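Novice: In order, the protein sequences belong to chains D and W. So for the first sequence, the working numbering puts the first residue at 492; every next one is plus one. So for the second sequence, the working numbering puts the first residue at 492; every next one is plus one.
To be clear, the hints were calculated from the coordinates, so they are not data collected in a lab. It is possible that some hints are incorrect.
Within a straight-line C-alpha distance of at most 27 Å, the following computed BS3-like cross-link-like pairs (lysine-lysine) qualify [what the hints assert, rightly or not]:
hint: 1; chain 1: D; residue 1: LYS847; chain 2: W; residue 2: LYS844
hint: 2; chain 1: D; residue 1: LYS1111; chain 2: D; residue 2: LYS1128
hint: 3; chain 1: D; residue 1: LYS661; chain 2: W; residue 2: LYS844
Nothing here was measured: the structure is a model prediction, and the numbers come from that model.
Chain by chain, the residues:
There are 2 protein chains.
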Amino acid sequence: MNRRKFLIASAAVSAGCFVSTDASASSAGAPPAVGAPPQKIAPGIWRFRLGVPELITPVRTRYFAPETAGLQKLPDVKECPVSLSAKVTPRGYQLSIPLAPKEAVYGFGLQFLSFMQRGTKKTLRTNADPTSDSGDTHAPVPFYVTTNGYGVLVDTARYPTFYCGNLARKRKEEQSDEKGAVALGGLPAAYRSQGMLDPAEVAVEVPRTNGVDVYVFAGPTMLNAVQRYNLFSGGGVLPPRWGLGVCYRARTEYTQEEILKLAAEFRANDIPCDIIGLEPGWHTHSYSCTYVWSQAFPGPEMMLKQLAKEHFRVNLWEHGFVHPASPIHNPLIPHSGDYTVWQGLVPDFLSTKARKIFADFHEKEHVAIGVSGYKLDECDNSDFTGSWSFPETSRFPSGVDGEQMHSLFPMRYQDCLQGIFERRKQRTYGLIRAAHALAAPYPNVLYSDLYDHRQYVRALANSGFSGLLWSPEVRDAGSVEELVRRLQTTIFSPMALINAWYIRNPPWKQIKKEENNLEQFDANWKLTEALCRQVLEVRMRFIPYLHAAFVQYLREGIPPFRALVMDSPADPGTWEVDDQLLVGRDLMIAPVFAGEPKRTVYLPEGEWFDFWTEKRYAGKQSIGIEASLNQIPIFVKAGSLLPLAQVTCHTEDPKSWLIEVTLYGGGSASTTIYEDDGTYEPELEAVTLRWNGAETKGEETNSNGEKPKLYQVTRWRLASG
Amino acid sequence: MNRRKFLIASAAVSAGCFVSTDASASSAGAPPAVGAPPQKIAPGIWRFRLGVPELITPVRTRYFAPETAGLQKLPDVKECPVSLSAKVTPRGYQLSIPLAPKEAVYGFGLQFLSFMQRGTKKTLRTNADPTSDSGDTHAPVPFYVTTNGYGVLVDTARYPTFYCGNLARKRKEEQSDEKGAVALGGLPAAYRSQGMLDPAEVAVEVPRTNGVDVYVFAGPTMLNAVQRYNLFSGGGVLPPRWGLGVCYRARTEYTQEEILKLAAEFRANDIPCDIIGLEPGWHTHSYSCTYVWSQAFPGPEMMLKQLAKEHFRVNLWEHGFVHPASPIHNPLIPHSGDYTVWQGLVPDFLSTKARKIFADFHEKEHVAIGVSGYKLDECDNSDFTGSWSFPETSRFPSGVDGEQMHSLFPMRYQDCLQGIFERRKQRTYGLIRAAHALAAPYPNVLYSDLYDHRQYVRALANSGFSGLLWSPEVRDAGSVEELVRRLQTTIFSPMALINAWYIRNPPWKQIKKEENNLEQFDANWKLTEALCRQVLEVRMRFIPYLHAAFVQYLREGIPPFRALVMDSPADPGTWEVDDQLLVGRDLMIAPVFAGEPKRTVYLPEGEWFDFWTEKRYAGKQSIGIEASLNQIPIFVKAGSLLPLAQVTCHTEDPKSWLIEVTLYGGGSASTTIYEDDGTYEPELEAVTLRWNGAETKGEETNSNGEKPKLYQVTRWRLASG
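Please work from the sequences and hints to get the whole structure.
Specialist: Right, dumping it as structure tokens:
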């Protein structure tokens, strides 16, 4: 991932924080230019510079450069697809962007509680516990995309409010208009759909600023618009192959010995696992953090070596609040905010000095001895629910206040650690609990302490609109059925994640937290383990396919996990589908929830095969299905070749390169997967699979038309359907 | 209620809106005076004028004058009990008010989800669906009171944020401080209690202003501080006696005939009821409203007369958004906001012109023909959840924006209608779904569409801190037990309210909504009806007592329903009790929730009698009780005389003046109740009840030492315990 970084300090911002060098910064002081024509800054991308934008914004403090190569490959668009009007008010800056009748709106980051956003209001605030549909989320992204094929990014670190077609201005003339009258009594349930039939506006209020840059991303298709946004962000991340394996986070109280014992047990029982995560217990003090190995880990280097020998990567939990007992606490005092969190300093990650102090210590104490990545917790602000974190009224040396820092903190925190891995020419893949705009290139996956399965699936559908990766992690469960159903969802997400931080043993031994910690195992736990192993093995089989989907994310900005509407915006049947997902080019999954083995599945246009029965279905219809406990509903597009790897316990097993290829629907088909040498800037050798179903078998060739070095097809088969 | 109103238009505010004439307005343009000494404006009340306050605030647009007579009677306090510091920031105005160790904080209006607020953050926004503990509520009141015996009102119509002792400023010097270290792993549950042990601050951010008035209300006791706040607001409201009877709101689709039939049925079945409420169906169009009687009510005047003959009052549902088909729509166009709600205009209730147009129509069409009051719905803003209502970015002719109007709308809307009843020298008592600061004098009770029983009880406990009245209304129920338990709560609230707007028949005939509307009655509904009648009869028996409690609210500002901590702030045992209530002088209730007949009750200092068993308990202890379905736990203070009326079906039955008086704990006791002639400025003839338990009976005398005109004691009895 050879990405030019934006690392030039700007005089406009104190204390040497990172500010981009793109055109936007140069003309910063310019006079208000409301209504000025948009400037085309890349193929199909326009910027409206409105008023006097703030100097510290997501774009202006960006770390990754746009993925221009990918942008060049997209169809050019001559005209900016939207107009907009703007004005300064005593409250801040106000925008109005028109909405056409029947134009559906999506995005705004990792929304848990709503999907199609037209008719709603969203105030985008970073919040760890978004329990109401106010716009609060771990990852509020001031970007939306519509079924009319364009996206809009409002470049602000403030908490903007978006009114999505739910407002009606007063008409001055006298009138007596019964149109759209609402049914007598009760609240107007039909209100949103009525709004859909009239022209409307997205009204945006950006508080406390006299101007803002607005970026418009053209299509022509809805997917193209999202691709442009992701490529503008720097292109999607390509995880190392091991990052696509299973990640298991062990109980926070675990010692070094218990970690090694767990690892050995996984290998002995053929539980697939590539990553073991350590939770807070590895610090000498964790709320706030010292980043220093505790007594429970007397020999971390030895432990890391031993785990590496068994092909395990190790990921470390932390958060960004620096405890007084940490060696970096005192050096950070001048480079931190004016309020503390859990007695810990809040580093000003916009400041080069803070980043150097923080990163150097992490590199020396963790990465240099073999740590593969981090889980960056608590960076999302939860003062509405847990009353921790720094206030919006905080001030930081770089000049931002708490509101701006809550938006930028997770991004600049990642930049700080990203520097380590870039220096070391090493790929990483981890977790983070917050994000904001331009997140696509970051090698960290979002997660949450909330735990509603249905909301987790909706978040996965929403994540694709905003350049986010999301893992519906599995912890405990109310029933074995729930455990299995949750696992089936997590294996079709950016990280197959089991988070046992508060249970002593794997959940399949005992789903109930208390009993699990008392070592009271379920009588049938061996059966449950077998069921769960089977689910995790499905993940391992799909890794070549998922890896190829992420290469598309990297190069073309196509989200590997996305809602149906993104590929079929013209089909209103997809508009409200928030519990099914497209995965890569050729797959659709329909997660099943505990207690509901029967569900309805909407099949978009085209023909589809049930992965398990290989039964064939026509598209553009809803079908009822029943999913047996060991199967998550998977549908494969007709006309596709699906490569599935041999099951292995980790991605470094050479057998993981052995694949079986199935042709769905006969005829002639081809697809591409990639050999990834795992280096920082990997040679991605394209391996093309081609098969005319009429022939007895297909052929696999690399870019030179030769047999691939690593991949080997063990079997070519035709789907029966 | 002879209350001077503040009705003098101010040049400072356009379009002739109401602005108070008190000192605060005159010096409005004054230069910032941060740190200026507070001005004592009444006994025990100080105002800090900080910077340049806005001209439109709750105090500066107030309608009711302070209840100076009551204020004079409170003990004077020489020194302002708190200091504060303030500063202007680019974000707005910031305040810091110290908190002492072990000082507990309460208030912020009708909070559903939290009680003791120290350690939390609250952003006070008006919102109809406060599903997260962010500070959103129907009635956000920028007022808090502490166990150290003072209250603080921040006079703003903005959405202020209060950080209640949950922040810690960074210390500049180097340090390595393990104090208050948080347990390893997980979130710091103990955090709040730890914060309680250190000095801290309430940090307040008022957005978008260069100044603010802060009012401090001294004690010496916590209750005194709340009394001062309520008396400053204008004193509490005294409902007419009929307002303390039972209110039943009929199904929205009911016709005039069905209303009359329902009323007759209630009288025939001895169901206590004083008020019948009409829901949206009475309008020709209800979302938005026309305020015009629909075809379902061909003869409203006749209906009102007939109901009056049967001693029923009628209350009309409406909201403030004016439909194009309403006769007042076009006249209101110039006097309304720039956005519409459900196609309806949003009247600028700060404007005298809008108020006159709106009130004149209501008086002529409703009040003049016998309507007793209103239910003012949807005035609270719910754009986060239902995406209706006007945006914060709205502008109104009076000069306020949508943020300010959301805070002031319910108050000035009430003022508009209050004018009608004042002109007509007529008392009213109704409902409203939103409120703000200075609400104590208003004759309307809050309610909500949310329906969690435990939250409803917590809201009742919280309402008393902020001068609010709240009714935990009863609608449908999951079980007969739940129905009865909910009824038992509502009878010990400011309005005993059954809201059957979406069920055709009284809930005791069928608790389930669908079946109820299909006339499918429960087999045992007669038994359920008897149980419910029994509960409602308890309400009727307590009316003399409740009426006396409201007289204390009127004259002394003592909330009739309040949390234990307000009377016992020095007893930490009361600090977290949010599911018990003090009612008037001598009662405490402990509502019971469906499925939990057993509960723990905390008895504050003093001795207490179980109302039902008359068993005697020592105070300052927690006891376990079990409540049979037909009894809500009620405790009576030892040393009190409790007058209970004869059960009647309505408050105009002369038998409602017949009382039985019970002496609890022997010895000598006296109490006062009031004869209320129901007029607008009632003669409240004090009737004193005295009894030395040693004698065979007590005596009741009016202010001339004579037998009372109306009240008649039928029996004096000693509690057995």
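Novice: When the structure is checked against the list of hints, which entries are broken? Sort them ascending.
Specialist: 1
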